[in-house]
Amino acid sequence: MSTSARYWRGIPQRYRLEANKCKKCGQTSFPPRLVCPACGSREFEATKLPQTGTLLTYTVIRVAPSQFVDEAPYAVGVVELDGGTRITSQITDCSLDAIRIGQKMKVEFRRIRAEGLSGIICYGYKCAPVAVQ
Amino acid sequence: MRDVAIIGVGMNKWGELWEKSMRDIYVEAALLAIEDAGVDHIDSMYVGCMTSGLFVGQEHLGSLMADYLNVTPIPATRIESACASGGVALRHGFIEVGSGMSDIVLVGGVEKMCDVGGGEATYALSTAADQEYECYQGVTFPGLYALMAHRHMHLHGTTQEQLAHVAVKNHDHGSMNPLAQYPFKVTLEQVLSSVMIADPLRILDCSPITDGAAAAILCPLEMAKKFTKKPVVQIIGSGQATDTIALHTREDMSWLGATARAAEVAYKMAGVGPDDLDLVEAHDCFTIAEICVIEALGLVDRGQGGKAAESGLTALGGKIPVNVSGGLKAKGHPVGATGVAQVVEMVEQLRGEVGERQVEGARVGLTQTMGGTGGSTAVHIFRRV
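Chains as they are written, first to last, in the numbering used here: chain A, 1 to 133; chain B, 1 to 385.
None of these hints come from the bench; they were simulated from the model. These numbers come from a predicted model, not from an experiment. Treat the hints with care, since some could be wrong.
[Said to hold, decoys possible] Not everything, but these chain B residues come out facing chain A in the computed CB check (under 8 Å): (1) Glu120; (2) Tyr136; (3) Gly143; (4) His154.
[Claimed, not checked] Label pairs and their computed distance ranges (CB to CB): (5) A:Glu18 - B:Gly157: 31 to 41 Å; (6) B:Met223 - A:Arg9: 45 to 55 Å; (7) A:Arg9 - B:Gly119: 18 to 28 Å; (8) B:Asp67 - A:Phe109: 48 to 58 Å; (9) B:Asp40 - A:Ile11: 52 to 62 Å; (10) B:Gln304 - A:Asp97: 47 to 57 Å; (11) A:Ile120 - B:Gly157: 36 to 46 Å; (12) B:Leu192 - A:Asp97: 38 to 48 Å; (13) A:Phe109 - B:Gly119: 20 to 30 Å; (14) B:Gly312 - A:Phe109: 49 to 59 Å.
[Stated by the list, open to error] Not the full set, but computed from the structure, chain B residues with beta-carbon under 7 Å of chain A: (15) Tyr68; (16) Ala121; (17) Gln131; (18) Glu134; (19) Gly138; (20) Thr140; (21) Ala146; (22) Leu147; (23) Arg151; (24) Ser194; (25) Met196; (26) Ile197.
Just so it is clear, CB atoms sit at the ideal spot from N, CA and C, and this is done for glycine as well.
Isolated chain B, as found in the complex (with noise of 0.2 Å):
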């Protein structure tokens, strides 16, 4: 495998796009990240995507994207891992520049979401969970996260109070962020006052309908310094790995296998553990995944990831900041395009260039996006050269 480095990142304000489609969400991330990158074309593209297909009636979005990007007829590919589908996408193009198939390929990542009612959006997010024995219960994704908060509360003694702290970090982090969908502060009150949407998860405990996109440029870590004069950031750690479909199936339904097997596989490939990251972006898609999240890639033991949030561990200053960017709770959650969001903001953290939510000193940074309650998993790990 050849080094592969990142050398442009681009995203644009996320939120209810009503006045964009799709392909022009996706293009101007897309221009965005080439034009940060300084390259002047691609090789090949990955387009991460859960499910356009229910929400706005396309497939295809190889085509599509490169189409209107203007890069035909470049390879272009559309990688679908529900929630994981960017952090997916991003590790094939890991994968296609590490072994010396392309040099310069874009990952990208979309969702346009806004285009359906709540009642088709809880649907078509509900497909990735098992169709046939889960969801024709008429449970929901918050459902199943209530499924696996509950659980976490009985056997670890979490509190509602604790899942209400990460909402309430992860808006302070997004009041820092411009392009967050909701870029202001909540407080403890308002969390645990809020309408409740699946027990024991309120509205403030999910993460929101968003539309959006995110891109990154990747290439060999040997040529980065040709296209641009940035610091450069390097993939040093990738891992994928995958779990049950449905969660009653998993022994432990408050303990996400996949993102623990990912993280070792990844910390691994990296040469690093837990205690040497700076940051962290995690896939807070709702209050208790966060929880159970910084368990399973080891910032905290088994079992007290609810002390976390409460305590400030993992707020800006902590001893690891999770989410600065304001997560999924805060930035949005435009399924398809989470996990590239998750490296730009990475990307930008370890160049020094976010301002006032700036991790100081940050050297290395760990990305973590799933799919479903978490049946597939992509982590990745970063270090500015």
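The shape of chain A in the complex, shown without the other chains (with noise of 0.2 Å):
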């Protein structure tokens, strides 16, 4: 299903948060896109997704798919980051009772699966809630 390719294509996006940025209006592309979703623009400039962010909304996965199947139950929220970009992400380092929508979260560089005796191990990120002082 996975080849090495495949994964270590996503690497600038799942470990370094790699993202562009739209030279004509300013839309930051989480993958980065080759037309802008805002304005129709084909020139980019590349740019970093903050690590900061806020919770829109979570669940917690109870039956999971295959390849997570030892990690349930675990949380999956979206994120908006700092500046308006969005991610699917784990949300992790908290009870899952503790989950709220609107919290800030900051976002964590960790394994996100194994796939196997061989495989190759699949690292990303998640976010966690931030400390509230």
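Dock chain one against chain two, each of which comes alone in its own frame, and use the hints as you go.
Structure below.
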């Protein structure tokens, strides 16, 4: 199902949050796109997403797809990063009962899954609540 | 465009059909539709199917189904638009007959889902979402609709009880449909105490894994009376639209923009509005989905969908009955067949043939089916001639 090429193609986004920004209208696209969804322009410059944001919605996955069965239950949410770009991400480093819409979040680099004995160990971003002072 | 009629429909009992192959399920439904229509041949065929490759390792359904229905060498085309495949297949049949390219077109839909285990089925269905930026994170389809549900609850105050009322209503309806996979009632308490799948969605908020097929025969309206003595049902509106593949890119994650757009186009073509509808078959793959769909169709105001099932508005006997067939929830959801099965229910309702779940005096109805989290949608409007 997953090949190493398919995995390494995604590394700039999954490891480093690399996005692109439209030179015409300033819209940030993650992952980078060839056509700006806001204005149709095809001229972009490289950018990186900010690593803090706000939780817009979440769920707790209790019945997982085959590759994630050992992880369940785990939380997944949509985080709007500062600047407005959104990502779907697992929510980590907190009790499943403590997750609230509107929470401040930070992006962390984590292991996503291991693909069996001889497979690639897949890394990427997860989001954790920012501790309230 | 020529006016287009549906002159025959067919569907068999849905469920876990261990003893039947995908091709046999499809051919049975197709033969029922052909018999119902009274035609002696078909000119072309569309087969709606989401992912037979992942469920049974079989692609190339145009050839397979034409072969086993014994209609080769007619053109036969498989249509894929995730869970909207059946609805989009209908649209292509409508266009082909309307254009004058063919006179008699069979539109079928099929999915054989029970040959794989639960984890594999969950994976197969998840391929309708963004593989790289949603599924990589371990999100499932119930999970994505749960994200929509929490957003809807946050923005509009929708409650778990209101979600549960959708399941109770659709099982009430489904209890009157002998072809449904789960033709029995459930109580509010049963829904609210059923096992959690992806918070806030419980197992009884989810449509099931189903084997099933459905079929319909389309022809020019002016030819319809040559074939059938039954009341003729005309397709008076068709709309199809897309939205972003990933849920998180949509400005309002609890609003189905593609469904609203497809409905707008279909209403305009049909010359009717939401108030003219006698019944609706909507894509209730999860309870929250029906709530969002009835808002996008304009049956209720935006944000007010949660109250509809609770108040009885969308129940049989209510102002606008939704999913009198039992919906995906009780009837089952063999994904590629769902959009066509909605048409089967609609045609039989508009002919007045369904018995105790009949919407009295039904003349105009709408079907809506969508793929993924609403990234594609097909809406059709029908009228008894």
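Structure-based check of all given hints:
1. Annotation: B:Glu120 was flagged as interfacial toward chain A, and the flag holds, the nearest CB pair being 6 Å apart, inside 8 Å.
2. A distance limit of 8 Å between C-beta atoms decides the matter here; for B:Tyr136 the minimum to chain A is near 7 Å, and the interface restraint holds.
3. Contact between B:Gly143 and chain A, as hinted, is supported at the beta carbon level, the nearest pair being about 5 Å apart and thus within 8 Å.
4. The restraint placing B:His154 at the interface with chain A holds, with a minimum CB-CB distance near 5 Å, inside the 8 Å limit.
5. In this structure the supplied range 31 to 41 Å holds for A:Glu18 paired with B:Gly157, their Cβ-Cβ distance being about 39 Å.
6. At roughly 53 Å, the beta-carbon separation of B:Met223 and A:Arg9 lies within the given 45 to 55 Å, and the hint holds.
7. The hinted range of 18 to 28 Å is satisfied by A:Arg9 and B:Gly119, whose Cβ atoms lie roughly 26 Å apart.
8. Distance hint check for B:Asp67 and A:Phe109: the Cβ-Cβ separation is about 52 Å, which falls inside the suggested range of 48 to 58 Å.
9. As the Cβ distance of B:Asp40 to A:Ile11 is approximately 60 Å, the hint placing it in 52 to 62 Å holds.
10. Take B:Gln304 and A:Asp97: their Cβ atoms lie about 30 Å apart, and the range 47 to 57 Å is violated.
11. A:Ile120 and B:Gly157 have their C-beta atoms about 44 Å apart, which keeps the hinted 36 to 46 Å range intact.
12. Between B:Leu192 and A:Asp97, the C-beta spacing of about 18 Å breaks the proposed range 38 to 48 Å.
13. A beta carbon spacing of about 27 Å between A:Phe109 and B:Gly119 agrees with the range 20 to 30 Å that was offered as a hint.
14. Under the hint 49 to 59 Å, the C-beta atoms of B:Gly312 and A:Phe109, about 51 Å apart, fit the expected range.
15. Hint on B:Tyr68 is violated. Least Cβ distance to chain A is approximately 30 Å, over the 7 Å limit.
16. About 9 Å separates the beta-carbon of B:Ala121 from the nearest beta-carbon of chain A, more than 7 Å, and the hint is not met.
17. Because the closest C-beta pair between B:Gln131 and chain A is about 9 Å apart, greater than 7 Å, the hint is violated.
18. The criterion of a C-beta within 7 Å of any C-beta in chain A is met by B:Glu134, whose closest approach is roughly 5 Å, and the hint holds.
19. Hint status for B:Gly138: holds, given a least beta-carbon distance of 4 Å to chain A, under 7 Å.
20. Against a cut-off of 7 Å between C-beta atoms, the interface hint on B:Thr140 holds, since the closest Cβ of chain A lies about 6 Å away.
21. At its closest, the beta carbon of B:Ala146 sits 4 Å from a beta carbon of chain A; the interface hint therefore holds under the 7 Å criterion.
22. Checking B:Leu147 against chain A: minimum C-beta separation of about 5 Å stays under 7 Å; hint holds.
23. The closest approach between the C-beta of B:Arg151 and any C-beta of chain A is roughly 4 Å, which is under the 7 Å cut-off, so the hint is satisfied.
24. Proximity of B:Ser194 to chain A is violated relative to the hint, the smallest CB-CB distance being about 12 Å (cut-off 7 Å).
25. With 7 Å as the threshold, the beta carbon of B:Met196 comes within range of chain A, its nearest partner Cβ sitting at about 5 Å, so the hint holds.
26. Residue-level restraint check for B:Ile197 holds (minimum Cβ-Cβ distance to chain A is 5 Å; threshold 7 Å).
The structure fails hints 10, 12, 15, 16, 17 and 24 (numbered hints given earlier, in ascending order).
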